[in-house]
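Visitor: What follows is the residue order along each chain.
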Amino acid sequence: MVDRVLLGKGTTARGGTSKYGLWISRPGKDVTTCSDDELIFDTDKGGSADIKGMFQLQTVTATAETTTTTVSASTTTNISFINFNWSFGVIPIMGTAAPSTGINTGQYQGGFTINSFTTSSVNITNLQTTALTVSLSVMPAFSANARF
Amino acid sequence: MTNRVLLGQLDKAIRVTGTGIPEDTFVKRREYNQIGVGGSFIVTAVGIQLTKTPTASPSGDITLHFPDGTSTFVSDSYSSSGTSTGLSPSLQTNTGGSSNPVIFPPWIYLTDYEESDFQATPLSSSFIPGRQPDFGLKVSKDGADVTTCAQKDLLFDSTSVRTGLVYAGAKSLTLNDSADNFLTTGSKASLGYIPLVIAVEKNMGEREEGDGSEYVNIDEISLWKTTTSTFTPCTAKNLNGASTSSQYTGPTDGRSYDQISSTDENAINVSYFVLRIPCAYGYMTSTYFG
Numbered sequence: 001m002v003d004r005v006l007l008g009k010g011t012t013a014r015g016g017t018s019k020y021g022l023w024i025s026r027p028g029k030d031v032t033t034c035s036d037d038e039l040i041f042d043t044d045k046g047g048s049a050d051i052k053g054m055f056q057l058q059t060v061t062a063t064a065e066t067t068t069t070t071v072s073a074s075t076t077t078n079i080s081f082i083n084f085n086w087s088f089g090v091i092p093i094m095g096t097a098a099p100s101t102g103i104n105t106g107q108y109q110g111g112f113t114i115n116s117f118t119t120s121s122v123n124i125t126n127l128q129t130t131a132l133t134v135s136l137s138v139m140p141a142f143s144a145n146a147r148f
Numbered sequence: 001m002t003n004r005v006l007l008g009q010l011d012k013a014i015r016v017t018g019t020g021i022p023e024d025t026f027v028k029r030r031e032y033n034q035i036g037v038g039g040s041f042i043v044t045a046v047g048i049q050l051t052k053t054p055t056a057s058p059s060g061d062i063t064l065h066f067p068d069g070t071s072t073f074v075s076d077s078y079s080s081s082g083t084s085t086g087l088s089p090s091l092q093t094n095t096g097g098s099s100n101p102v103i104f105p106p107w108i109y110l111t112d113y114e115e116s117d118f119q120a121t122p123l124s125s126s127f128i129p130g131r132q133p134d135f136g137l138k139v140s141k142d143g144a145d146v147t148t149c150a151q152k153d154l155l156f157d158s159t160s161v162r163t164g165l166v167y168a169g170a171k172s173l174t175l176n177d178s179a180d181n182f183l184t185t186g187s188k189a190s191l192g193y194i195p196l197v198i199a200v201e202k203n204m205g206e207r208e209e210g211d212g213s214e215y216v217n218i219d220e221i222s223l224w225k226t227t228t229s230t231f232t233p234c235t236a237k238n239l240n241g242a243s244t245s246s247q248y249t250g251p252t253d254g255r256s257y258d259q260i261s262s263t264d265e266n267a268i269n270v271s272y273f274v275l276r277i278p279c280a281y282g283y284m285t286s287t288y289f290g
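Residue numbers (this note's numbering), protein chains in the order written: chain V, 1 to 148; chain F, 1 to 290.
There could be a bad hint or two in this list.
[As the list claims (entries may be wrong)] Computed Cβ-Cβ distance ranges for the label pairs, DEER-style:
(1) V:N115 x F:D142: 54 to 64 angstroms
(2) F:T53 x V:L22: 25 to 35 angstroms
(3) V:D50 x F:L87: 42 to 52 angstroms
Honestly, the hints are just simulated from the structure, not real lab data.
Small disclaimer: the values here were computed from a predicted structure and weren't measured.
Backbone N, C-alpha and C fix where the C-beta goes; we use that ideal spot for every residue, glycine too.
All chains, full assembly: derive it from the sequences and hints.
Guide: In C-alpha cells, the structure reads:
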C-alpha cells in the first residue's frame, strides 16, 4: 500500500519541506514522490505555472423574467443568481436542453448569446422564435488577469 | 449535523490481529458453518479469508476488531492455512449438509465463533469490502453523510483517478478566429497530453441562416479544437463530396460558415478552464488514468 494523503509538511516532490498543505495522489501513486500530474488534490507551490484551483461547479438557483430559467422567444433578459461574491467575478457555464423524444433526440436545441455577466446575473439573448430553457452553473474566476 | 469529512480508512472493514498476522490485515471474505436445528440454522463456526498472508502460522489469541471501534471477538480455538498461498489447503464450510463455496488461503477457521457470537458480533457483509480497504479522503455535500452517502453526493473522493485541477485558463477573451496558447501565461510546461477544456463564449447553441437559395443549420456554433498547447475556434465540415473517410479533412481553424455573419459566429468573450484531465484519442489509457 502506498501513501496517498500528505497533510502538513511537504516533500521535495511537493515543493520542499518549507511548504505546508494537503496533497492527495491518485490510487497506486505515492503522494510523497509522484509527479504533479499524478495528484488529484494539490496545494500549489506558489509558482506561476502551478494549478489555479479546482473545477467544481456551483449550481445556482436562478431567476429570469419569471421564477424559472426559461427565456421567452427572441428576448434579451438577465438571469439572476444569489450568494456569489467572488472578487474576481464569475464565469457562467450554460447549456440548453436536449429533447428526449422525436428525431432530434439527444441534440442540443436552441441558440443564444451570452452578452455579459456579473457576480449576480448573466445577460443572455434567446435567438430562437420559441422559448428556451437553459441550465446554469457558475465557476469563480481565479484571477483578475485575462489569462491565468 | 452530519459527518462531512472522512480522512483515513474509507471502507468499513474487520481488522484481524494476532501472532503471525501482518499489520493492517483485514477480513476479505467469510463463510459461516451452520447446522440445522428445529427447522432453522445456527452458526457453529466461521471461516475467514485474510487480505494478507501470515508471516508465520498464527498462534495465541486471534482478535477480530469491528468497525465500530469497540466491538471485538477473541478466538483461542481455530485452525488455519498457516503461511500457505495459492489454492491449497482449502477450507470447506457447510450450511445444514450443503457445501458453501470453498475458501482458499490465507484463511483461519474460528471454531469457537458460535451462534451467540454471531448474534453479538456478526461479520456483516457491509464490513467486508472483499479487498484491502482503501485509505484516503472523502468530503460530502451539505446534508449528506460522508460515511454512507452515494458517490454522486461527494464533493471530493480520493478513489478517483482524476479530478478537475485547473492548470490554466482565461476570462473574457476576444479571439475571433484565432487560437489561444494556454501555456504562455506563467510559462507553463506542456502536460504531455491533450487536456479537457471547459469553455463558454458569447455565441452558443444553434445557428440557422439562409439567403433564399442556401440554408445553413449549425447544431452547435461553439466548436473548438484542442492541442497540447492551444485552444482554437473551428468550423465543422460536412463530407463535401468525399466518398471515403480518408478524404474528409475534418474541422478547419477559425469560424467561417457561409451565410452566418462574423458577429454571430466568432469567438467573442471566451472564458475557459484547462483541466489536468487527458481527453483525446491515445491518451485515455491506463498510462494517464491508471
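Visitor: Are the hints correct? Go through all of them and say.
Guide: To see whether the hints hold, each was checked on the structure:
1. V:N115 x F:D142: 54 to 64 angstroms: About 32 angstroms separates the Cβ atoms of N115 of chain V and D142 of chain F, which means 54 to 64 angstroms is violated.
2. F:T53 x V:L22: 25 to 35 angstroms: Holds - the Cβ-Cβ distance for T53 of chain F and L22 of chain V, about 34 angstroms, lies within 25 to 35 angstroms.
3. V:D50 x F:L87: 42 to 52 angstroms: Once the Cβ atoms are compared, 50 angstroms apart, the range 42 to 52 angstroms for L87 of chain F and D50 of chain V holds.
The structure fails to meet hint 1 from the earlier list, while all remaining hints are met.
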